[in-house]
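Chemist: Those protein sequence lines, which keep their order, are chains A and B. Residue numbers for the first sequence follow numbering that gives the first Met the number 0, so the first one is 0 and each next one is one higher. Residue numbers for the second sequence follow numbering that gives the first Met the number 0, so the first one is 0 and each next one is one higher.
Nothing false has been slipped in among the hints.
Under the rule of at most 20 Å between Cα atoms (straight-line distance), these lysine to any residue pairs were calculated in the SDA-like manner:
(1) Lys121(A) / Asp79(A)
(2) Lys230(A) / Ile164(B)
(3) Lys230(A) / Arg170(B)
Here chain B is said to cover these stretches of chain A; the calculated rule only asks that three of the stretch's residues, wherever they fall, bring their Cβ under 8 Å from a Cβ of chain B:
(4) 165–173
(5) 213–221
(6) 235–241
In short, the hints are calculated from the structure, not lab data. All values derive from a computational prediction rather than experimental measurement. Here a beta-carbon is modelled for each residue, glycine too, at the ideal position from N, C-alpha and C.
Protein chains: 2
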Amino acid sequence: MTYCVAMALNEGLVFASDSRTNAGVDHISTYRKMRIWQRPGERLVVMLSAGNLAITQEVGALLDLSVRAEDKHRSLMIVDSMHSCARLVGNAVREVHNRDGKHLRETGVEFNASLIIGGQIKGEAPRLFLVYAAGNFIEATPETPYFQIGETKYGKPIIDRVVTIETNLMRAAKCALLSLDSTVRSNVTVGLPIDLLLYRADSFHIATHQLIREDNAYFNTIRHGWGQGLKDLFQVLPDPPWEMEG
Amino acid sequence: MTYCVAMALNEGLVFASDSRTNAGVDHISTYRKMRIWQRPGERLVVMLSAGNLAITQEVGALLDLSVRAEDKHRSLMIVDSMHSCARLVGNAVREVHNRDGKHLRETGVEFNASLIIGGQIKGEAPRLFLVYAAGNFIEATPETPYFQIGETKYGKPIIDRVVTIETNLMRAAKCALLSLDSTVRSNVTVGLPIDLLLYRADSFHIATHQLIREDNAYFNTIRHGWGQGLKDLFQVLPDPPWEMEG
Chain A
0 MTYCVAMALN EGLVFASDSR TNAGVDHIST YRKMRIWQRP GERLVVMLSA GNLAITQEVG
60 ALLDLSVRAE DKHRSLMIVD SMHSCARLVG NAVREVHNRD GKHLRETGVE FNASLIIGGQ
120 IKGEAPRLFL VYAAGNFIEA TPETPYFQIG ETKYGKPIID RVVTIETNLM RAAKCALLSL
180 DSTVRSNVTV GLPIDLLLYR ADSFHIATHQ LIREDNAYFN TIRHGWGQGL KDLFQVLPDP
240 PWEMEG
Chain B
0 MTYCVAMALN EGLVFASDSR TNAGVDHIST YRKMRIWQRP GERLVVMLSA GNLAITQEVG
60 ALLDLSVRAE DKHRSLMIVD SMHSCARLVG NAVREVHNRD GKHLRETGVE FNASLIIGGQ
120 IKGEAPRLFL VYAAGNFIEA TPETPYFQIG ETKYGKPIID RVVTIETNLM RAAKCALLSL
180 DSTVRSNVTV GLPIDLLLYR ADSFHIATHQ LIREDNAYFN TIRHGWGQGL KDLFQVLPDP
240 PWEMEG
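Sequences are here, hints too, so could you generate the full structure?
Modeler: Structure follows, in structure tokens:
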């Protein structure tokens, strides 16, 4: 399993992903789920992936192939909008589906993949898209400025409570880390290290890219502070006033 | 969808369930998901249900039929252990499956049902079981003293953080309500009112049974206190110390 989250805010973009991949709990591996394509000063494109690793790695490989071939219609480094980038990702998913879908079905494996692609290309604002296994996609909006893929439920409540499009990048990064921590705590197949990338709008280069491991001092400060704070808050809230019989 | 949770603690048992049933979001209804069989001073049996309503209502109907028939092998009011009660629930699920399973499959509907059954019968301690759609079941343990059915993920983290077998009934009830509130906030198909029942070990009657609606003063106090407390806690935690470029 996997958990990835990305946010499109006024100040810029936040991307975070775990690194756990599994095929049954006795076969858990660590793979990075964040891919970056960039030309400093001109474009930054970041992709997060969840689902069947054989599918999402192949999608990444196809995209890389077009970049290396300098294919002007299919390279993430040449097309002139993030919308086109999302379409290229969708097309790559469909290409893998055409090749592998039937064989997966024959062995009882679902064609399962979802991808987040975001970034900024000179000439337009930063944008963020979610690409489905069917190759179609949606774009983040000011009302719903974030996307999650993979094991999304445990880490959703905190984002809904604190993130709006006005949230600044550092605060949004803190929220993304707590969202990941809630997920890691609840699902053994989501695990550290965490890849976290921040992008400031109109900068056209990475603001910071952190690889957060178990011994990361900041991460440990907030995960422990959050856990203890929740317990304290629970204690402070009043107990029910009901009369009990017996 | 549905969300139900039950806890088996040293002090007794807690049962909580929402009341929303849906078949598509344009057809949402309110049904109670808690059934109670009791003989004060001798036994209390409580069942919570999730899944296909046609299945779980039929399970309830079969159980009631055996109770009314005073069938000494099949009545929840006659058998002498909670383990036997769990088996009766499992048998009822299998009976419905034998009758309806094939027809559901033919119309593309999964045979989807899960039930929690708990209580106390004189001569043994309070016990709590989770019955699967296959009719088999597991019992709660001191290490994992609670069961959830239905839409379980949003409301799980708070239980994991605050409930142990030592938690007292009132505090556990507070936790169950906050767990339900998190679920109601995140999933429109889980909704109020909440049925909440507390049972004190060895009392053999209900300690309190609350039906909690939107206007419940205590519920509103803790849900707002929790929401505001989480936001305040998030603000208090330090922002990341990273240097940002650009």
